[in-house]
Amino acid sequence: MAKKVETLDEVTIRFAGDSGDGMQLTGTQFTNTVAALGNDLSTLPDYPAEIRAPAGTTYGVSGFQIKFGSVDILTPGDTCDVLVAMNPAALVTNLKLLRDGGTIIVNEDAFTEKNLRMAGLTTNPLEDHSLERFQVNAIGITKLTTNALAEMNLSTRFVDKTKNFFALGLMYWMYNRPLDQSIRFIEEKFGVKDKQVAEANLRVLRAGYNYGDTTEVFTTRFDVRPAKLPPGRYRNVMGNAAAALGLVAASRKSGLQLFLGSYPITPASDILHELSKLKEFGVKTFQAEDEIAAICASIGASYAGALAATTTSGPGLALKTEALGLAVMLELPLVVIDVQRGGPSTGLPTKTEQADLLQAVQGRNGEAPLCVLAASSPADCFLTVYEAARLAIKFMTPVICLTDGYLANGAEPWLIPDAATLPPIPVSFAKDPAGFQPYARDPVTLARPWAIPGTPGLEHRIGGLEKQDITGNINYEPDNHDLMIRLRAEKIERIAADIPEQAFDGPASGGIALVGWGSTFGSIRSAVTGLRESGHEVTHIQIRHINPFPRNLGALLAGFRTVIVPEINSGQLIKLLRAKYLVNAVGFNVVRGLPLRSEEIEEFVEKQIGGNHA
Amino acid sequence: MPDTAQETPAKLTIKDFQSDQDVRWCPGCGDYSILAQVQRVFPEFPHKREQYVAVSGIGCSSRFPYYLNLYGIHGIHGRAPAIASGVKMVNPSLDVWVATGDGDGLSIGGNHMIHMLRRNLNIKVLLFNNQIYGLTKGQYSPTSVLGQITKSTPAGVIDFPFIPVSLALGAQATFVARAMDRDPKHLQEVVRRAEGHHGAAFVEIYQNCNVFNDGAFFQFTEKETKDDHVVYLEHGKPLVFGKDRTKGIRLNGFRPEAVPLDGGKFSPSDLLVHDEKDSTLAFILANMIHNPDLPRPMGVFLALDHPTYEDQMGDQIARAKSRKGDGDLQKLLNGEETWVIK
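Residue numbers (my numbering), protein chains in the order written: chain A, 1 to 614; chain B, 1 to 342.
It is possible that some hints are incorrect.
[Claimed, not checked] Derived lysine to any residue pairs resembling SDA-like cross-links, with alpha carbons at most 20 Å apart:
hint : chain 1 : residue 1 : chain 2 : residue 2
1    : A       : 277       : B       : 186
2    : B       : 324       : A       : 394
3    : A       : 114       : A       : 153
4    : B       : 223       : B       : 186
5    : B       : 342       : A       : 37
6    : B       : 331       : A       : 280
7    : A       : 277       : B       : 313
8    : A       : 279       : B       : 336
9    : B       : 342       : A       : 138
10   : B       : 331       : A       : 138
11   : A       : 277       : B       : 342
12   : B       : 331       : A       : 114
13   : A       : 279       : B       : 322
14   : A       : 279       : B       : 330
15   : B       : 321       : A       : 255
16   : A       : 277       : B       : 329
17   : A       : 277       : B       : 330
[As the list claims (entries may be wrong)] Pairwise CB distance ranges, derived in the manner of DEER restraints:
hint : chain 1 : residue 1 : chain 2 : residue 2 : range
18   : A       : 486       : B       : 23        : 26 to 34 Å
19   : B       : 339       : A       : 600       : 28 to 36 Å
20   : B       : 335       : A       : 599       : 39 to 47 Å
21   : B       : 335       : A       : 457       : 40 to 48 Å
22   : B       : 338       : A       : 600       : 32 to 40 Å
23   : A       : 486       : B       : 135       : 47 to 55 Å
24   : A       : 466       : B       : 12        : 29 to 37 Å
25   : B       : 334       : A       : 228       : 32 to 40 Å
26   : B       : 335       : A       : 152       : 52 to 60 Å
27   : A       : 49        : B       : 160       : 14 to 22 Å
28   : A       : 440       : B       : 12        : 22 to 30 Å
29   : A       : 418       : B       : 192       : 38 to 46 Å
[Claimed, not checked] On the chain A side, residues computed to face chain B include the following (Cβ under 10 Å):
hint : residue
30   : 102
31   : 233
32   : 418
33   : 530
It is worth saying that the hints were derived from the structure and are not from the lab. Keep in mind it's a predicted model, so treat the numbers as computed, not measured. No residue lacks a Cβ here, since even glycine has one placed at the ideal position from N, Cα and C.
Could you put together the complete structure from these sequences and hints?
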């Protein structure tokens with residue numbers, strides 16, 4: 001039977017299954033394939049903290065959502081159009097994310113009495129009419145997979161592990177995507193070690209694709225044309241990988257050895273993994289005994305003349321607090337990447353949140369100002385980290401770069417930068433002993449000289465005790481302390497002269513400004529697009545430089561009647577904006593451990609406008 | 001060895017290692033002697049002044065770097081081994097020294113200490129042990145003895161103390177030694193040995209805090225009692241001690257015991273012979289502290305040759321570069337799968 005092909009602008013698919021079902025791999029494979037076909041896309045891995053929770057439980061469900069399209073894709077989607085559920089638990093936990101009329105593809109073989117009970121169901125949703133508002137396709141994926149591998153004489157356990165490739169193959173058929181990327185992947189990943197494993201996975205992948213083609217269940221397949229992205233060479237990139245690349249690029253452009261001191265923590269560990277592979281770039285990675293040692297080793301590395309970085313997440317940043325104060329006191333360059341996760345305490349390790357902002361800006365004993373930046377998309381982690389390194393070196397200061405779990409594991413197409421045209425990062429180590437003073441300052445930046453061990457005649461001692469202006473000797477005099485407090489603050493303020501003015505999308509002044517920072521970029525931009533379609537004039541301001549703020553930010557905000565600040569926290573940026581600019585801003589705050597939904601932002605803004613008119 | 005191969009430097013003197021800062025330890029503090037012995041032997045070492053880095057944490061001992069005219073970091077409490085590790089990894093040609101105390105190095109910084117030692121970074125640790133917190137004015141430390149009355153233990157210490165040498169051995173340190181502030185010649189020799197060791201060196205130095213814990217080590221340091229309470233370890237030699245060298249240590253099974261050499265029953269050939277390469281023996285010697293009838297061993301307990309962390313780190317990088325060539329940034333940015341949009 002010839003099948004109809006329908007063209008869509010955008011589609012959101014959610015893969016859900018047991019933690020052991022390989023949903024992250026399935027999602028990543030689908031992502032790489034659609035990326036290579038030139039679609040714009042955004043992904044959201046959503047997995048539990050437990051590595052392998054008991055099979056069939058709701059808390060063991062791992063999900064991966066991808067939105068892709070021929071249009072500009074800004075978020076992984078508030079809701080999905082297609083839900084692929086490998087078992088009842090995956091269905092019940094994800095059903096609320098499926099839009100009405102959406103498509104469900106389930107492995108009906110997994111809807112056993114035991115699994116239904118594990119999912120807390122008393123009746124089978126495939127039979128009890130509870131799914132009538134959706135298009136349900138119940139497919140015996142386990143049986144079909146077993147049939148596909150019948151001749152290979154493999155264990156049931158092994159066969160069970162390949163069934164995610166059946167689902168992947170079926171989705172490739174449904175969205176008219178070729179198999180070659182995944183075939184290449186399977187051959188490279190398994191083929192070398194075990195030809196049988198590779199062969200089995202390939203058969204199952206093809207079986208899924210062919211099933212779509214031959215079964216009469218599906219009458220329509222869909223096509224999504226390439227997006228109109230700016231011309232150039234693209235790759236797919238996740239936030240943690242982009243951050244790692246940003247550090248390597250900064251190392252190359254500055255000519256400095258890259259040192260990373262780190263302690264494993266979700267969701268930041270991938271940066272350590274990525275950099276530990278890059279020894280041919282001279283990168284030195286050090287997995288320390290704890291978070292404190294990680295940053296302290298990086299401080300030592302910076303003192304010795306390396307581009308030093310440390311990577312962590314919220315609890316780790318808390319542990320690094322005292323050492324960050326030391327870095328402020330020593331005035332040494334240091335890049336700190338905080339991949340934020342749900343807090344407080346251990347919180348929600350695998351979920352996303354923006355609740356470390358105040359910790360980053362102010363969370364130290366004494367007054368210890370430092371520079372804070374925030375990345376706005378997975379690919380933007382590259383430039384943000386690169387910029388952090390540039391500022392750290394130029395101003396001799398620690399810089400905290402905030403990303404989060406969503407950016408870290410989310411992916412998007414990336415217009416690959418030209419290494420040659422990245423902004424230069426000049427470095428000049430102090431060399432001349434004549435008149436050398438460890439705390440003499442550059443008249444423009446107020447940066448002190450970087451004098452590294454091994455340089456004759458510049459031997460000097462620095463430490464955490466208050467120091468005398470210029471000489472750096474220990475000094476407890478009241479007026480000197482007051483001066484040093486001011487100098488350290490002024491140095492950070494002067495960064496504002498070195499960074500771009502705050503950009504904005506929409507009118508430069510007027511009714512409503514939506515002001516965000518970090519990973520809410522996509523959600524806010526989608527909401528802004530929606531609000532404009534409903535006839536509202538809205539300006540979007542997304543702040544990358546949080547401390548110091550861009551020099552024009554105060555004047556820009558003053559031009560709007562209503563300033564709305566959506567954040568995945570209880571209102572942190574808004575506190576800083578109000579304190580600094582006395583702006584009467586309104587917060588939109590939802591802290592679910594997930595990206596903000598653009599529809600919710602739209603509704604909130606509509607309500608605000610309505611309220612203002614009333 | 002990468003960290004000593006330098007052209008012959010101009011001869012340095014003790015003056016080259018004295019900084020212009022006033023030394024602010026209490027008069028009579030054992031730290032003065034330790035500083036003096038370090039300043040005395042550093043000029044003998046094959047480094048230029050700018051190659052030394054002294055790192056410390058917090059506490060009286062941690063003021064050490066300020067009084068040496070070298071590169072130095074006075075860090076935060078307990079973290080000197082971690083800071084020093086970063087310095088050494090980035091520039092293995094530097095001669096990195098850590099000055100710490102029993103509180104700084106074994107309490108708040110205990111974790112960093114053991115891990116730095118087991119990694120075998122070529123860093124030298126001088127741990128000033130005075131069995132008390134000095135800078136915070138007299139609380140007990142992890143090496144304070146049972147029953148010790150201090151500001152925070154008016155009824156006596158009830159937690160069992162660390163034996164720093166045993167801790168270092170347990171942490172797989174490749175060089176472990178003990179010396180005393182009041183035995184300057186021996187202290188100098190131990191500092192020389194630490195310098196000559198290619199790997200992490202842990203030196204415990206008994207140091208008298210004359211304000212808060214005066215006399216804690218007097219039976220080992222004072223003329224009248226010293227000879228009967230201290231045995232000096234020398235590689236390949238039997239353990240002999242006593243005023244007229246008439247006593248020795250022999251092993252009875254795994255248990256060391258003191259025996260007289262002048263009674264006709266035992267001769268030096270019955271005695272335990274020190275072997276710095278024997279880590280089992282090192283533990284036995286470290287445990288002699290539990291028997292008050294035995295003298296306290298001083299000197300080098302253990303000196304093993306193991307590859308250092310920073311050398312292996314450098315080797316991995318060199319191997320990757322020879323296999324893959326120097327990293328190409330543009331290739332790295334491109335990644336494995338790319339596509340072109342026209």
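Tested hints:
no.: 1; hint: A:277 / B:186; in the structure: 46 Å, violated
no.: 2; hint: B:324 / A:394; in the structure: 32 Å, violated
no.: 3; hint: A:114 / A:153; in the structure: 27 Å, violated
no.: 4; hint: B:223 / B:186; in the structure: 15 Å, holds
no.: 5; hint: B:342 / A:37; in the structure: 13 Å, holds
no.: 6; hint: B:331 / A:280; in the structure: 12 Å, holds
no.: 7; hint: A:277 / B:313; in the structure: 13 Å, holds
no.: 8; hint: A:279 / B:336; in the structure: 18 Å, holds
no.: 9; hint: B:342 / A:138; in the structure: 41 Å, violated
no.: 10; hint: B:331 / A:138; in the structure: 45 Å, violated
no.: 11; hint: A:277 / B:342; in the structure: 33 Å, violated
no.: 12; hint: B:331 / A:114; in the structure: 51 Å, violated
no.: 13; hint: A:279 / B:322; in the structure: 11 Å, holds
no.: 14; hint: A:279 / B:330; in the structure: 16 Å, holds
no.: 15; hint: B:321 / A:255; in the structure: 17 Å, holds
no.: 16; hint: A:277 / B:329; in the structure: 14 Å, holds
no.: 17; hint: A:277 / B:330; in the structure: 16 Å, holds
no.: 18; hint: A:486 / B:23: 26 to 34 Å; in the structure: 31 Å, holds
no.: 19; hint: B:339 / A:600: 28 to 36 Å; in the structure: 34 Å, holds
no.: 20; hint: B:335 / A:599: 39 to 47 Å; in the structure: 34 Å, violated
no.: 21; hint: B:335 / A:457: 40 to 48 Å; in the structure: 45 Å, holds
no.: 22; hint: B:338 / A:600: 32 to 40 Å; in the structure: 36 Å, holds
no.: 23; hint: A:486 / B:135: 47 to 55 Å; in the structure: 29 Å, violated
no.: 24; hint: A:466 / B:12: 29 to 37 Å; in the structure: 31 Å, holds
no.: 25; hint: B:334 / A:228: 32 to 40 Å; in the structure: 22 Å, violated
no.: 26; hint: B:335 / A:152: 52 to 60 Å; in the structure: 34 Å, violated
no.: 27; hint: A:49 / B:160: 14 to 22 Å; in the structure: 38 Å, violated
no.: 28; hint: A:440 / B:12: 22 to 30 Å; in the structure: 27 Å, holds
no.: 29; hint: A:418 / B:192: 38 to 46 Å; in the structure: 55 Å, violated
no.: 30; hint: 102; in the structure: 29 Å, violated
no.: 31; hint: 233; in the structure: 5 Å, holds
no.: 32; hint: 418; in the structure: 8 Å, holds
no.: 33; hint: 530; in the structure: 26 Å, violated
Checked against the numbered hints above, the structure violates hints 1, 2, 3, 9, 10, 11, 12, 20, 23, 25, 26, 27, 29, 30 and 33; every other hint is satisfied.
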